[in-house]
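So the protein sequences, as listed, match chains A and B.
For reference, each letter of the first sequence is one residue, going 1 to 546 in full-length UniProt numbering.
For reference, each letter of the second sequence is one residue, going 1 to 315 in full-length UniProt numbering.
Think of the hints as simulated: they come from the structure by calculation, not from any bench.
Mixed in with the good hints, there may be bad ones.
[Unchecked claim] To be clear about the criterion: a stretch of chain A counts as covered by chain B if any three or more of its residues have a C-beta under 8 Å from a C-beta of chain B, and this derived list gives those stretches: (1) 137 to 146; (2) 239 to 251; (3) 315 to 328.
[What the hints assert, rightly or not] One side only, chain B facing chain A, incomplete, derived with CB under 7 Å: (4) A44; (5) L148; (6) L161; (7) S164.
These numbers come from a predicted model, not from an experiment.
Yeah, the Cβ is synthetic: ideal placement off N, Cα and C, and Gly gets one too.
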Amino acid sequence: MKNNKWIVLFTLLMSIVLLAACSYGGGDETSTQGAEGEGEQAAEGEPQSGGSVSIPIVADPTFNPWHPNAYAESNVVNRVLFSGLTQTGEDLEPIPDLATEWETSEDELEWTFHLRDDVLWHDGEQFTAEDVAFTFNEIVLNETLGANNTSYFQMLQEVQVVDDYTVKFIMDSPVAALPAYLSFNTEIIPQHIFEGQDPWDLTSFNKENPVGTGAFKLKSYTSGQSVVLERNDDFYGDIALLDEVEYKVLADANTHVAQLLSGELSIFALDDLSAIDRIESAENVTVEARETPRFFWIIANQEVEKYQDVRVRQAILHSIDRQNIIDTVLKGYGTIADAGIAPALADYYTDDVTRYEYDPERAKELLAEAGWEDTDGDGIVDKDGEPFTIDFEIGIQGDLEAVSQMVQQYLLSTGFDVNLNAMEWNSMIQDVVVNRDYEMSLNWWRYPADPDLSAYMHSNSVAGNNIPAYQNPELDALLEAGAQTSDIEERKEIYIEAQKFMSEELPYIFLWYPQEAQVRVNSLQGVPDLAFGDALHHIHKWYIEE
Amino acid sequence: MLRFLVNRLGQSIILLLIVTIITFFLINLAPGGPSSTMRMDATAEERQAMVENLGLDQPVLVRYVDWITNAVQGDLGVSFNTSEPVTQRILERLPYTIELTVFTIIISVLLGIFLGVLSAIKRGKAQDHVINFFSVIGLSVPAFWLGLMLILLFSINLGWLPSSGVGSRGGEFSLWGYVSHLILPVLILTTTVLPNIVRFTRSSMLEVISQNYIRTARAKGAKESIVLYVHALRNALIPIITIIGMLIPRLLSGAVITEAIFGWTGIGTLIIEAARGRDYPLVMGVTVVITVVVVVCNLLVDILYSRVDPRVKNV
Numbered sequence: 001m002k003n004n005k006w007i008v009l010f011t012l013l014m015s016i017v018l019l020a021a022c023s024y025g026g027g028d029e030t031s032t033q034g035a036e037g038e039g040e041q042a043a044e045g046e047p048q049s050g051g052s053v054s055i056p057i058v059a060d061p062t063f064n065p066w067h068p069n070a071y072a073e074s075n076v077v078n079r080v081l082f083s084g085l086t087q088t089g090e091d092l093e094p095i096p097d098l099a100t101e102w103e104t105s106e107d108e109l110e111w112t113f114h115l116r117d118d119v120l121w122h123d124g125e126q127f128t129a130e131d132v133a134f135t136f137n138e139i140v141l142n143e144t145l146g147a148n149n150t151s152y153f154q155m156l157q158e159v160q161v162v163d164d165y166t167v168k169f170i171m172d173s174p175v176a177a178l179p180a181y182l183s184f185n186t187e188i189i190p191q192h193i194f195e196g197q198d199p200w201d202l203t204s205f206n207k208e209n210p211v212g213t214g215a216f217k218l219k220s221y222t223s224g225q226s227v228v229l230e231r232n233d234d235f236y237g238d239i240a241l242l243d244e245v246e247y248k249v250l251a252d253a254n255t256h257v258a259q260l261l262s263g264e265l266s267i268f269a270l271d272d273l274s275a276i277d278r279i280e281s282a283e284n285v286t287v288e289a290r291e292t293p294r295f296f297w298i299i300a301n302q303e304v305e306k307y308q309d310v311r312v313r314q315a316i317l318h319s320i321d322r323q324n325i326i327d328t329v330l331k332g333y334g335t336i337a338d339a340g341i342a343p344a345l346a347d348y349y350t351d352d353v354t355r356y357e358y359d360p361e362r363a364k365e366l367l368a369e370a371g372w373e374d375t376d377g378d379g380i381v382d383k384d385g386e387p388f389t390i391d392f393e394i395g396i397q398g399d400l401e402a403v404s405q406m407v408q409q410y411l412l413s414t415g416f417d418v419n420l421n422a423m424e425w426n427s428m429i430q431d432v433v434v435n436r437d438y439e440m441s442l443n444w445w446r447y448p449a450d451p452d453l454s455a456y457m458h459s460n461s462v463a464g465n466n467i468p469a470y471q472n473p474e475l476d477a478l479l480e481a482g483a484q485t486s487d488i489e490e491r492k493e494i495y496i497e498a499q500k501f502m503s504e505e506l507p508y509i510f511l512w513y514p515q516e517a518q519v520r521v522n523s524l525q526g527v528p529d530l531a532f533g534d535a536l537h538h539i540h541k542w543y544i545e546e
Numbered sequence: 001m002l003r004f005l006v007n008r009l010g011q012s013i014i015l016l017l018i019v020t021i022i023t024f025f026l027i028n029l030a031p032g033g034p035s036s037t038m039r040m041d042a043t044a045e046e047r048q049a050m051v052e053n054l055g056l057d058q059p060v061l062v063r064y065v066d067w068i069t070n071a072v073q074g075d076l077g078v079s080f081n082t083s084e085p086v087t088q089r090i091l092e093r094l095p096y097t098i099e100l101t102v103f104t105i106i107i108s109v110l111l112g113i114f115l116g117v118l119s120a121i122k123r124g125k126a127q128d129h130v131i132n133f134f135s136v137i138g139l140s141v142p143a144f145w146l147g148l149m150l151i152l153l154f155s156i157n158l159g160w161l162p163s164s165g166v167g168s169r170g171g172e173f174s175l176w177g178y179v180s181h182l183i184l185p186v187l188i189l190t191t192t193v194l195p196n197i198v199r200f201t202r203s204s205m206l207e208v209i210s211q212n213y214i215r216t217a218r219a220k221g222a223k224e225s226i227v228l229y230v231h232a233l234r235n236a237l238i239p240i241i242t243i244i245g246m247l248i249p250r251l252l253s254g255a256v257i258t259e260a261i262f263g264w265t266g267i268g269t270l271i272i273e274a275a276r277g278r279d280y281p282l283v284m285g286v287t288v289v290i291t292v293v294v295v296v297c298n299l300l301v302d303i304l305y306s307r308v309d310p311r312v313k314n315v
């Protein structure tokens, strides 16, 4: 009897402890930092020098923007350590960085860039035109190296040194987007260190002691833990306000959120929006929706006959309630897309295109016009006795799986027999991107701040990133016209035309333009209204408000 | 004894060889190679250049022979993703995992044996039930959930402990900085390891204290504590050593989930990195090191048996 009492008592006690632990996951309590958080007035103080910020990265970085292993975690570091010829301005137009000004020849085949003469590498050497020529001629144009981002420079023939501080980019055909490309993960690396070396095996630079020209230089790096950068007092531009920038290597996304709320991290772009409510309710943290040049898409392999009919692609789009997916999975962080040029590119974006409302009935009509009807009453449309089956292959990352499951349900109810195969990311790349052995897939593109989407839908890019293998001379002509003029007014007209064409023909089955949920502790100020990656170009303006 | 050692060494080498062959071919058969870990928008040419740079255009068999030839000479190759020697990368990470293992094992063994003995001698009483209750909880609560809950409680709501990382090593040493980063990961690992030791100790002790010689020891008037800790425990130790011998390699091969949650830069996070990045040489290197750890631990356990129980002779 006595024993029983004990057992009852302890079980009760344990239940209380467990319940208490659970309720900490609930998320309506204020954190200790939040309680002493700053009010609105404090945010308007003068920028001050000092302090540091912490930024999460998911893996060890490679300090070389061109290295084939330099992924997103490296980009956010390299953008601060190194400089490009141009950088992304606050309105997303390219603005001067290492280059002070640039002009093109009449035929737009020669670009001349005038460089700053007051730039020092972090080791004290002078930066010159030779460094620019070396980076492009020896690294980017050397095909055996397979450097990152070379697809932007396929039309580049060579870079010529005119004098110590002037270079000429000689093009095979005009590329109006060149200044934008030069601001996107295409930073210059030092010739005096890389000359005569294998640029990928130079571990002393790529992994240990990078020498850049950026506003911050390397202070310390511990593999698997952190990269600490310190202010470069010899920087050619405005000297940074922060003393240090720390990148913490944290693989787990839940840890990012936990450290943001505990004040151990300062700023990042939130990938997994499931924690957004909790973050929005925290007092010491701000969430901002930022436009980014990205679009989500479904691709239907144009090598497969049934997807070549535009009515089938349109039917697919009419079947999907995209607003519902945006509201539920994306928590509202997105805008419906019917073409590829995102609202982030405000100069070029238009919503005056063919729109595809959620309309399953219209989808069925379009399918019937294309000869697909449910003749045997099994709920699946068929043609010549063949049911419409779709093999839908996606990679597991972020919210792709959740989105795809909803898409699958919508398509099923229209009458497509969809087999969803959510696979490990690398396997998906192998099937979809490398072997092109797929029927339908869902993913997204992030592109430089320029409306030139040739890399994704021009017929020349079928071996490249035109993964749906869509080929249409009309679209090709529009994309070429846009690439061949630097005149903004002229480009606007061309790209508005192109967007209308895209929305009618659906080379990609466009889904939405996602917004970035940028999370930031309130004490961090001076961050411009840009996507996180672009705001890093302006890190010298960031400061800590005590 | 010497013959036993030579024998075991021979077996171990064969085992190691088989493990490397299986691992090498498995990772190469897995869909998607290093070139598919590149960014989504890397072109076919960029991917092909990488394949050639890494020598992956050679047949798998040729690559295995190359690898094993270098490996027997102590060269585990160069990491695909960082171009650093694999041995160096492993040696950088190993100390952190050893640290976690040592603290976890010390706490778990001391506490585990004590609680196990207590639970056995109070069999059926309140103490026994309470200990059992917590053991079951410890065994069944998933580490990732408990880890996140503890971070929420101690780091975010109370602000007492850092939520992750190993602290600033190499900088100025502070005892609190060192200990505070260890507390949560060691706690999580202990909750998974401790119940095993408690339960094995309990059942092993229960068996021993019902033996005749224990009754004899009591009958000759030995003190109860001597009976328990000298006569009984020593004889109950063999199964306990076995389970500890199995737990140590499990911890040393990296408590993957715990290390990932707490951003602990040990072997566990290295395994994740290697597998995600399709870093074949690193996967192979880590596999070899873990296999060696398991083999050595088993050997030590066998040797310990004969120390604890002279009847066990490894001759």
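Let me know if the C-beta of A44 of chain B comes in closer than 7 Å to any C-beta of chain A, holds or violated. holds, 6 Å
How about the region 315 to 328 of chain A: do at least three of its residues have a C-beta closer than 8 Å to a C-beta of chain B? Check failed, 0 qualifying residues.
How about S164 of chain B: closest beta carbon in chain A under 7 Å, or not? holds, 5 Å
Has the region 137 to 146 of chain A got at least three residues whose CB is nearer than 8 Å to a CB belonging to chain B? Check passed, 4 qualifying residues.
Hint status (Cβ of L148 of chain B to nearest Cβ of chain A, threshold 7 Å): Holds - the Cβ of L148 of chain B comes within 7 Å of chain A, reaching about 6 Å at its closest.
Tell me if the interface restraint on L161 of chain B is satisfied: Cβ within less than 7 Å of some Cβ in chain A. Cβ of L161 of chain B sits 10 Å from chain A, so the hint is violated.
Okay, the region 239 to 251 of chain A and chain B, do three or more residues pass the C-beta test at under 8 Å? holds (count 4)
Of the hints listed earlier, those the structure fails to meet are numbers 3, 6, in rising order.
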